[in-house]
Amino acid sequence: MTRLTPRWLYLVMACSLSATAASSFIFYSSRTPLISLVCKELAYGLASVFCLQIAAEYRRQPALRMTWLLLAANAIVSSVRHALEMSWFEQVPNIHLLRQLAITSALLCLLGGMWTMAHAFLRTGLGFRIHRIDVIAVAGVFAVVSVILFFREHLSEANSSLLAPLNLQLFSQVVLAVAAASAVFLHRIILAMGGGKLAIAMRFLVGHIVGRVVLVLAGQTFGLNSPSHQSWDALSHLAFDATAWIFALAACYRASMFASALRQAPPKPEEILALSLDKQWSRI
Amino acid sequence: MNEENWFAYLDNVASAEDSTIAAHLKSCSACRETVELMRSVDQALLDSSATLRAGVPVGNPAIAAAKEKALARLGSHSLSLRLGSLYLLLAPMCGVETSTRAICAAAYRVSAGSPRLLEDRSWLGFVEHLHSIVATLCGEPAAQLVRERGMRLQQEAA
Chain A
833 MTRLTPRWLY
843 LVMACSLSAT
853 AASSFIFYSS
863 RTPLISLVCK
873 ELAYGLASVF
883 CLQIAAEYRR
893 QPALRMTWLL
903 LAANAIVSSV
913 RHALEMSWFE
923 QVPNIHLLRQ
933 LAITSALLCL
943 LGGMWTMAHA
953 FLRTGLGFRI
963 HRIDVIAVAG
973 VFAVVSVILF
983 FREHLSEANS
993 SLLAPLNLQL
1003 FSQVVLAVAA
1013 ASAVFLHRII
1023 LAMGGGKLAI
1033 AMRFLVGHIV
1043 GRVVLVLAGQ
1053 TFGLNSPSHQ
1063 SWDALSHLAF
1073 DATAWIFALA
1083 ACYRASMFAS
1093 ALRQAPPKPE
1103 EILALSLDKQ
1113 WSRI
Chain B
3 MNEENWFAYL
13 DNVASAEDST
23 IAAHLKSCSA
33 CRETVELMRS
43 VDQALLDSSA
53 TLRAGVPVGN
63 PAIAAAKEKA
73 LARLGSHSLS
83 LRLGSLYLLL
93 APMCGVETST
103 RAICAAAYRV
113 SAGSPRLLED
123 RSWLGFVEHL
133 HSIVATLCGE
143 PAAQLVRERG
153 MRLQQEAA
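These protein sequence lines are chains A and B, in that order.
Its first residue numbered 833, the first sequence is counted upward by one per residue in the working numbering.
Its first residue numbered 3, the second sequence is counted upward by one per residue in the working numbering.
Quick caveat, the hints were computed from the structure, so don't treat them as lab data.
There could be a bad hint or two in this list.
What the hints assert, rightly or not - Covered stretches of chain B (in silico footprint by chain A; criterion: 3 or more residues with CB under 8 Å from a CB of chain A, positions within the stretch not fixed):
| no. | stretch |
| --- | --- |
| 1 | 19 to 29 |
| 2 | 84 to 98 |
| 3 | 131 to 141 |
We put the CB at the ideal spot given by N, CA and C, even for glycine.
Please put together the full structure from these sequences, using the hints given.
Here's what the structure looks like:
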């Protein structure tokens, strides 16, 4: 897996998204859900392998090890969740409950991963601080979730005869909101980092959460999940594929960090001296 | 503000962004520490160059030979250069601000208060603290890389 650099992953992602887009918008193929599922499974599969590889790097840091194990669990459960969305499983008893269980479990893993990561970074004592604007942004996130919960008649499980799937779906909206709020704090840490591969990886992680929140917001608040919105259905396949790939990119950037640090080994002090000496010479 | 503005500021070359940078430095301790670190590296280079030039007879071959000799002698002795080397290793991974903060935090933990106050005898303790911070941020292999580099710099200096 060390040979699979972010550059290669971008290429695989481009091919995958092109296949889904072509199937949806050019060929209007009935196999679009299947193609999209394969793309998502590939993205989440790669992401879970990267996450497990990263978790192995944290032998003596249980919190960070837990972070990447939870993110790997999120990838695995998300791939199961997308498989359960297929029409093949419509006849399975309690399929709605199973789907909501998978969604909620994946979100809880994602949230747990982000919390442990943010907590571990804040505990390093590097002076990462939360700003007032972040608190306002978090308030905004919770306001948006209130809107989703207010329009809960648009939720896919709103008309379910069972209470459990609806309750689970409502709970998952709250978990998603808390994850989005955590993403705001994570974004503050990213801004304070001043670049670097780790910041890129974390930025993709935040992008993955924002993508999921936007998709849920668009789908459920405006009632786009109903069968009458065919164009939304095609677009949502593509968008969910993209969010899966964004997560895979986050893990790939983080996994490749050490390898690229080895490749870009800095010059030795004497080399720094030698490079700068001529410049300094003229200034004396 | 771009990289050139920062370099111009560090080289004391007047530019239109000077006031913006100065205002930013008043409020940002991380950038202030970075500027101080860079200036201390700069000063070390200036001092080295001055020593070098003072002892060099006229003529290019002589200058080159003296440069080689001085470089061999200076090597990794300067703590500022060692810090600069670790900083350059960390920055592409953790980012420039995180690297500065990590170096400052590690220096603080060995009771140096600031990287500028770090002493030769506390170097290994400093490297160990930096290792533990980097292990949390970037993982054990990256932290091991920092430790190995820190140890090697110490050995080269000894």
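Give me the numbers of the hints this structure contradicts, sorted from smallest to largest.
1
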